[in-house]
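Engineer: Next come the chains, spelled out residue by residue.
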Amino acid sequence: MLVAVTGFGSVWRWRLRKAPGHLQCLSESAYYNTTGVQVSGSVRQRPKIVGYARFNGQGGFDPHHPSRMINRVFECADPCVWQGQNKLLFKRPLASPERPDCFLVIVRPELTGVLKVGSPNWRSADSWLIAFSERREQQEGMLLMPAYGWIRAELGKFVIEPEIGRPWVGRLVLECGE
Amino acid sequence: MRERDAAQKELDTNRRTLAKLSLRLDTMSAKSVSNGKPGASVELSASDPTVIRHINNLQEQIYAERETNKRLKGA
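Quick note, the sequences are listed as chains A and B, same order.
With the numbering used here applied, the first sequence closes on residue 452, and no number is skipped along the way.
With the numbering used here applied, the second sequence closes on residue 779, and no number is skipped along the way.
The set of hints was computed from the structure by calculation and includes no laboratory data.
Just so we're clear, the structure is a prediction, and the values are computed from it rather than from any experiment.
Check before you lean on any hint, since a few could be wrong.
Pairs of lysine-lysine, DSSO-like flavour, derived with a Cα cap of 30 Å [stated by the list, open to error]: (1) B:713 with B:774; (2) A:390 with B:777; (3) B:713 with B:777; (4) B:774 with A:390; (5) B:713 with A:431; (6) A:390 with A:431; (7) A:431 with B:774.
For each label pair, taking beta carbons as the anchor points, the in silico distance ranges come out as [said to hold, decoys possible]: (8) A:410 with B:711: 14 to 24 Å; (9) A:409 with B:713: 21 to 31 Å; (10) A:337 with B:755: 27 to 37 Å; (11) A:286 with B:713: 21 to 31 Å; (12) B:707 with A:430: 27 to 37 Å; (13) A:302 with B:758: 33 to 43 Å; (14) A:395 with B:753: 13 to 23 Å; (15) A:366 with B:757: 18 to 28 Å; (16) B:755 with A:394: 33 to 43 Å.
Idealized CB from N, CA, C, for every residue including glycine.
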């Protein structure tokens with residue numbers, strides 16, 4: 275499946291390939307992105323629903339410039355559950371963008387108001403909640419949503435709308451008339 | 705007193721629901737594998753996406769039930 279990245283969660287981890295006698299290099303690392311919240315001035319995971327997006331250095335992901343990956347389209351494996359955690363593997367970015375099947379979306383109350391995770395109809399049935407962190411009034415959710423997928427939060431219904439002419443650029447916009 | 709009893713009753717119901725949901729989630733995500741290693745997990749990527757979607761919904765329900773329990777305990 276093709277997934278366009280609209281944003282990243284606040285927590286990054288990385289892991290080097292460990293093989294005896296193997297010369298380690300960053301391109302062979304794996305990078306894990308998930309949700310997090312501020313705790314005493316630093317970002318902590320505080321997971322309520324555990325999951326992550328995995329990127330491979332070998333696949334062309336540049337850990338030094340994650341912002342350059344925004345609006346890029348990646349070839350991904352289907353979402354799965356691995357060792358009790360939701361996992362979305364980003365295999366490699368496409369050389370030139372195409373219309374994606376889904377968007378990786380990060381939602382926070384600063385934009386949408388409080389997320390009502392678990393309440394009926396809080397998100398469209400075709401979306402996936404990969405990870406969710408929460409502490410007091412702070413929340414961060416990582417979702418996989420198709421074009422025009424939606425979430426309903428405190429401030430209203432937000433729809434992921436692809437840009438006309440550049441369908442790989444998705445934005446979460448407040449739907450009028452709610 | 706009546707309110708407290710009602711809240712306690714609701715809390716008990718939620719506890720039971722949570723236990724059931726947790727059990728279902730555990731069964732789906734941590735089936736024993738053929739090599740018999742304890743605690744090993746099953747790769748579900750090859751499964752029907754509806755199963756993964758169902759797990760996703762159950763995770764949210766567990767979260768929602770936990771939040772309700774927290775509120776009731778605080779009441």
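Engineer: Against the 30 Å threshold, does the CA-CA distance of residue 713 of chain B and residue 431 of chain A hold or violate the hint?
Structural biologist: Violated - the C-alpha atoms of residue 431 of chain A and residue 713 of chain B are around 34 Å apart, more than 30 Å.
Engineer: Measuring from beta carbon to beta carbon, are residue 395 of chain A and residue 753 of chain B in 13 to 23 Å?
Structural biologist: 20 Å, holds
Engineer: For residue 713 of chain B and residue 774 of chain B, compute the direct alpha-carbon distance and say whether it is at most 30 Å.
Structural biologist: 14 Å, holds
Engineer: Within 27 to 37 Å: is that where the Cβ-Cβ distance between residue 337 of chain A and residue 755 of chain B falls?
Structural biologist: 33 Å, holds
Engineer: With 18 to 28 Å as the target window, see if residue 366 of chain A and residue 757 of chain B comply at their CB atoms.
Structural biologist: For residue 366 of chain A and residue 757 of chain B the Cβ distance comes to about 25 Å; the hint holds.
Engineer: Lying within 33 to 43 Å: is that true of the beta-carbon distance residue 755 of chain B to residue 394 of chain A?
Structural biologist: 21 Å, violated
Engineer: Just to be sure I understand the hint, the distance between the Cβ atoms of residue 409 of chain A and residue 713 of chain B should be within 21 to 31 Å; is that true here?
Structural biologist: 30 Å, holds
Engineer: Taken at face value, is the distance from the CA of residue 390 of chain A to the CA of residue 774 of chain B at most 30 Å?
Structural biologist: Satisfied, since the Cα-Cα distance of roughly 15 Å is no more than 30 Å.
Engineer: Given the hinted pair residue 390 of chain A and residue 777 of chain B, is their alpha-carbon gap at most 30 Å?
Structural biologist: Holds. Residue 390 of chain A to residue 777 of chain B sits at ~20 Å (cutoff 30 Å).
Engineer: Between residue 390 of chain A and residue 431 of chain A, is the straight-line Cα distance small enough, at 30 Å or below?
Structural biologist: OK: residue 390 of chain A and residue 431 of chain A at ~12 Å, within 30 Å.
Engineer: Has the given pair, residue 713 of chain B with residue 777 of chain B, been kept, meaning a C-alpha gap of at most 30 Å?
Structural biologist: 12 Å, holds
Engineer: Run the distance test for residue 431 of chain A versus residue 774 of chain B: straight-line Cα separation, threshold 30 Å.
Structural biologist: 27 Å, holds
When held up to the earlier numbered hints, the structure conflicts with 5, 11, 16 and fits the remainder.
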